[in-house]
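Chains as they are written, first to last, in this note's numbering: chain L, 1 to 227; chain P, 228 to 471.
It is possible that some hints are incorrect.
Quick look at which bits of chain P chain L covers, simulated, 3 or more residues with Cβ under 8 Å [to be verified]:
hint	segment
1	399-405
2	410-423
3	450-463
Pairwise CB distance ranges, derived in the manner of DEER restraints [what the hints assert, rightly or not]:
hint	chain 1	residue 1	chain 2	residue 2	range
4	P	L444	L	I50	52 to 62 Å
5	P	D296	L	L38	25 to 35 Å
6	P	L260	L	E136	29 to 39 Å
7	P	R337	L	T213	48 to 58 Å
8	P	L264	L	P138	48 to 58 Å
9	L	R164	P	R405	31 to 41 Å
10	L	L7	P	G451	17 to 27 Å
11	P	D296	L	L7	45 to 55 Å
12	L	E34	P	L444	32 to 42 Å
13	L	Q129	P	G257	37 to 47 Å
14	P	E470	L	I12	40 to 50 Å
Because the hints were derived from the structure by calculation, they are not lab data. Backbone N, C-alpha and C fix where the C-beta goes; we use that ideal spot for every residue, glycine too.
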Amino acid sequence: MPIGRGLRTLSISTVAAMGVALGLVFFYAPIEAEEGFLQKIFYLHVPLAIVSLCGFVLGGLMAIAHLRTRDQRWDLRSYVTIHMSLILGVVVLLTGAIWARGSWGHWWVWSEPTLVSFLIVMLLYATYQPLRFAIEDPERQARYASVFAITAGAFVPMNFLAVRLSSSYLHPRVLGSSSNLPPPMALTFGVSLGAMALLFATLCSYELAAKRTRILLKSSSRILGYR
Amino acid sequence: MTDNPPTANDARRSSARPPGLAATVGALLGKDLLVELRTLESVPGMSLFAVSTFVVFHFALNQNTVSGDEAAGILWVTLLFAAMLGVNRLFVADAEQGGFDGFLLAPVDRSAMLVAKALALLAYLIVLELVAVPAFGLLLLGSPLGQALPGLLAVLALADVGIAVIGTLIAALAVRTRARDLLGPLLALPLLVPVVIGGARASSPLLSIVHPGGLQLRWLGTLGLYDLVFGLIAYAVFDFLLED
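Pulled out of the complex, with its shape left as it was, chain L reads as follows:
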């Protein structure tokens, strides 16, 4: 398969979806009664968090595929997925802090179990790259990274369960899940989620294409005798 095929279609549809999503967020979704305009950050924060967590779990599934097939491409996919999830995760923590500051007056609240769980997950995945690049042999590096990705992928739901249990005095959740949303908000949320998922897929495809090109360049310059 040629490197980078379909990137243009993917990019254009991402831009279109992001445009529609932002349009809905700012012009269609109603202003929330209690939190006002600030609540709009929900359409950025929550979809990004969902996409990023799914990316972490997906990275674990790709790592399973790598260990089963011994195909290095699966390891590359797993690496890129986790890398992108980490970058989106930083945005999630930042938007979460802004939201907490706006609605509760503090940059950080321990009473919001989802945010706390997310921080723990981020702290764990922040060690993925230090672990990976502390191993020199490329084959072992891929294998060890996959073992980490599988363990950490399983840790994500386990951690959410434990942290949620620990916050017995649950903070009243204004708009935590999409189940109790009024229809216009639910629609906007759904479109935002789709747009963020597309954005994630596009960013991953770009990084994958760049990495594959670099690998190809290295191997061809080796064949041609360049250094």
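Guided by the hints, dock chain P onto chain L, whose structure is given.
This is chain P only, laid out in the frame that chain L set:
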């Protein structure tokens, strides 16, 4: 100890059939415990670290006695960090002195290494707690330790299994990296947060003076689920760490 692990020799002697899992685990565990008994590299250090940490907590918090949430927090932070010392050393001898090579040459199930090392770490943790928990009761705890002990033992047992499993997996992941002393705790601490949540929340009412309470089953359930999930995962992925 300079010679190969006993399994390699055992397998050579009985050339007809490779030893079973239980025999391999027994041999590896025996070797690890014997090495620890002769060198005393991990357990005394872990215990001493725990007692020193209690002293540090006394001065850092400026309190003579603690109870409830505070007591549970101090106990679990201390045990967790002391366990990290053992985790960091768990595979060092095998990686540096050819233990891995000897094991890989033997015609035995690779998972035996996980089970044996986890059992060895569990044994270290039990000895650590035999020192640290009475020391904690003596030095810092405000409420009598005796009444909390039965419940505390159940919590410690479940948490120890989780720490032993994750500790073994992480130790094996980190030992052949360049920055293993740094990576071990960095990887293990976030992974062990659910154990701390379960352990500390379960033991807090046991150590409380004002509202002494019983054991809450949901924390034991959380710890048990954690042990089960990560036990299975470690069993599934551990072989891949021992391939070269």
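Do the hints match the structure? See the list:
1. 399-405: holds (count 5)
2. 410-423: holds (count 8)
3. 450-463: holds (count 7)
4. P:L444 to L:I50: 52 to 62 Å: violated (31 Å)
5. P:D296 to L:L38: 25 to 35 Å: holds (33 Å)
6. P:L260 to L:E136: 29 to 39 Å: Holds: the Cβ-Cβ distance is about 33 Å, inside 29 to 39 Å.
7. P:R337 to L:T213: 48 to 58 Å: violated (37 Å)
8. P:L264 to L:P138: 48 to 58 Å: Between L264 of chain P and P138 of chain L, where Cβ atoms are some 40 Å apart, the hint is violated.
9. L:R164 to P:R405: 31 to 41 Å: holds (37 Å)
10. L:L7 to P:G451: 17 to 27 Å: violated (47 Å)
11. P:D296 to L:L7: 45 to 55 Å: holds (53 Å)
12. L:E34 to P:L444: 32 to 42 Å: For E34 of chain L and L444 of chain P the Cβ distance comes to about 37 Å; the hint holds.
13. L:Q129 to P:G257: 37 to 47 Å: Hint holds: Cβ distance 38 Å, inside 37 to 47 Å.
14. P:E470 to L:I12: 40 to 50 Å: holds (44 Å)
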